[in-house]
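Chemist: Numbering-wise (the working numbering), the sequence shown opens with residue 102 and increments by one.
No wet-lab data here; the hints were simulated from the structure. Keep in mind that this is a model prediction, so the values were computed, not measured. Don't take every hint at face value.
Claimed, not checked - Distance condition first, Cα-Cα at most 30 Å in a straight line; then the derived DSS-like pairs of lysine-lysine:
no., residue 1, residue 2
1, K116, K184
2, K154, K294
3, K294, K323
4, K112, K211
5, K184, K294
6, K323, K154
7, K116, K154
8, K323, K184
What the hints assert, rightly or not - So the derived label-pair ranges between C-beta atoms look like this:
no., residue 1, residue 2, range
9, M260, K112, 20 to 30 Å
10, F261, I334, 16 to 26 Å
11, A193, R288, 12 to 22 Å
Each residue gets a CB set at the ideal place from its N, CA and C atoms; glycine is no exception.
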Amino acid sequence: MSLTEIAQAWKEALKLEDAPVAIAFCSDPPEGVPQSEEPSPSACTFWRRGQTKVFYATADDHSNCPIGLMTMGFSLSPDQSEKANSLVSTMASLHYFDPSEVAHLPSIQKPHRAVVYGPLDQFPVEPDLVLFMLDGFQSMLAAEAIGQVAWAEHGQLGMFGRPACAALAKAERINNSTVSLGCVGARTYTDLKPEEMILVVPFSQLQQATENLATVVDANQKLAAYHSQQRRIITENG
Numbered sequence: 102m103s104l105t106e107i108a109q110a111w112k113e114a115l116k117l118e119d120a121p122v123a124i125a126f127c128s129d130p131p132e133g134v135p136q137s138e139e140p141s142p143s144a145c146t147f148w149r150r151g152q153t154k155v156f157y158a159t160a161d162d163h164s165n166c167p168i169g170l171m172t173m174g175f176s177l178s179p180d181q182s183e184k185a186n187s188l189v190s191t192m193a194s195l196h197y198f199d200p201s202e203v204a205h206l207p208s209i210q211k212p213h214r215a216v217v218y219g220p221l222d223q224f225p226v227e228p229d230l231v232l233f234m235l236d237g238f239q240s241m242l243a244a245e246a247i248g249q250v251a252w253a254e255h256g257q258l259g260m261f262g263r264p265a266c267a268a269l270a271k272a273e274r275i276n277n278s279t280v281s282l283g284c285v286g287a288r289t290y291t292d293l294k295p296e297e298m299i300l301v302v303p304f305s306q307l308q309q310a311t312e313n314l315a316t317v318v319d320a321n322q323k324l325a326a327y328h329s330q331q332r333r334i335i336t337e338n339g
């Protein structure tokens, strides 16, 4: 199944308004892919731009966001470390973030010097991760297709919040999809809607999930009809 076919399947099944964003961590950017030229206040800003065009970004391009630099697996300079410590201190003073959490913040482990972003159906290389911005209903269908909500002895049920960019590193670490409820920074920088959240899926998992997607959507449509009928019958005869 091609990247175009995978992207189209998700767009149609979930009625997506926003394109899935493919993300790859590369030693060198693919030939012909331009570097980001716009200033970026955050790592998550690249997600929104990646919905419409393919580009790559370096550590310097991510440098305005010390937390994003850490989660994206880039090293921090002394100046960036100072900015990160200042930001964490501010968060701590607001009782938003405990400084002890920083040691547990995941970061991308794959060695890389550039991060490539772009629409899944236009991506020039095999992605490492694919990011979706979804509402609750879309997230439900996606999680069912991925198998993320299956009840099992070692299930991966659950989600997390801030920082939203950690969803990429967490998905890589557990080699499984993950959902972030978002954070106020990501919602500000990406104009994420109040009802939307972030789903990140390892590409290795996405193809099988795509094959499951049509079955999941069809099952939900049939169950919705069943439950609607049950509600009507019980309400009318109550």
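Chemist: Are the hints correct? Go through all of them and say.
Modeler: These are the hints, each one checked on the structure:
no., hint, result
1, K116 <-> K184, "violated (40 Å)"
2, K154 <-> K294, "holds (21 Å)"
3, K294 <-> K323, "holds (29 Å)"
4, K112 <-> K211, "holds (29 Å)"
5, K184 <-> K294, "holds (28 Å)"
6, K323 <-> K154, "violated (37 Å)"
7, K116 <-> K154, "holds (20 Å)"
8, K323 <-> K184, "violated (53 Å)"
9, M260 <-> K112: 20 to 30 Å, "holds (23 Å)"
10, F261 <-> I334: 16 to 26 Å, "violated (40 Å)"
11, A193 <-> R288: 12 to 22 Å, "holds (21 Å)"
In summary, the numbered hints that this structure violates are 1, 6, 8, 10.
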